[in-house]
Amino acid sequence: MVEIRRLRATDIDAMLRLCALAGWNQTAQDVARFLALAPDGCFAACVGDLVVGTTTTTAYGTDLAWVGMVLVDPDFRRRGIATTLMETALRHLDRLGVRTVKLDATPAGRLVYERLGFVTEHVFERWSGPAPAACAPASEGTWDEIAEADRLAFGADRGALLRGLIADAGPPLLTRNAQGHMTAYAFRRPGTRAGYVGPVLADDAETAGIVLSAAAARLGGSVFIDIDPAFPRATGLMERLGFARQRELIRMRRGEQGPTTSFRVFAIAGPAVG
1 MVEIRRLRAT DIDAMLRLCA LAGWNQTAQD VARFLALAPD GCFAACVGDL VVGTTTTTAY
61 GTDLAWVGMV LVDPDFRRRG IATTLMETAL RHLDRLGVRT VKLDATPAGR LVYERLGFVT
121 EHVFERWSGP APAACAPASE GTWDEIAEAD RLAFGADRGA LLRGLIADAG PPLLTRNAQG
181 HMTAYAFRRP GTRAGYVGPV LADDAETAGI VLSAAAARLG GSVFIDIDPA FPRATGLMER
241 LGFARQRELI RMRRGEQGPT TSFRVFAIAG PAVG
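Read in the working numbering, the sequence shown has 265 at position 265, and its numbers run on one by one without any break.
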């Protein structure tokens, strides 16, 4: 019998086991961050003492929330566990009064989410490649300007998430124009398979390339980034930097249309958090 309960800090290794089985890139720091952001909003499916499935939620106030980390042990799939976890997560967000729920789905998970009332909103792309050399200097900005720029671009206040990313991997790198206006920023963090760059906010592809390269150079090795292919000249930039397209991420929505991301979003913070 499958039991659904809240995910605990003692389940981090169990969740990483499921991540490894799925070939995902999350670290123990990532899982701890999910739990810190929503200690009552992350869930585990258990058979006895074995964690066989997980999901997380991240609420950005009551306007918008994200569902992520929907994982099921391959030996326990096709038993409705993912659907049950999603229903539990959605009931939790409904109790909080969240009006719009979003997620970034793999193509394999799309049908599950459509049956739960999600509709497709946009498509992002996972790209991977070797960390390029930083092509221009990038500086570190002040918290206030970064938080405000992100709120305007993302459509909701995710300051707690950004503070967690800074605590784990350092402040974002940014560029400014001659008038001192911030034209781009990029966050980065380590992963189990590759470093990860995102979110990236930029005025154009040129400035996105500067901060992306600077952030990736700090990570070294291989890098993942989930970009908006509709961003002007984004795919050409990625190809010039030596990256290759890996797969699609399907952004889906349940509830009101709610906040939308702006044209300045070059890359997301991650499929689990938007």
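The hints are simulated quantities; they were obtained by calculation from the structure and are not laboratory data. Any given hint could be a false lead.
Beta-carbon label-pair distances, calculated as ranges [what the hints assert, rightly or not]:
id, residue 1, residue 2, range
1, 48, 83, 17 to 23 Å
2, 39, 232, 38 to 44 Å
3, 240, 4, 22 to 28 Å
Backbone N, C-alpha and C fix where the C-beta goes; we use that ideal spot for every residue, glycine too.
Item to check | In rising order, the numbers of the hints this structure does not comply with | outcome: As far as the earlier hints go, only 3 is violated by this structure.
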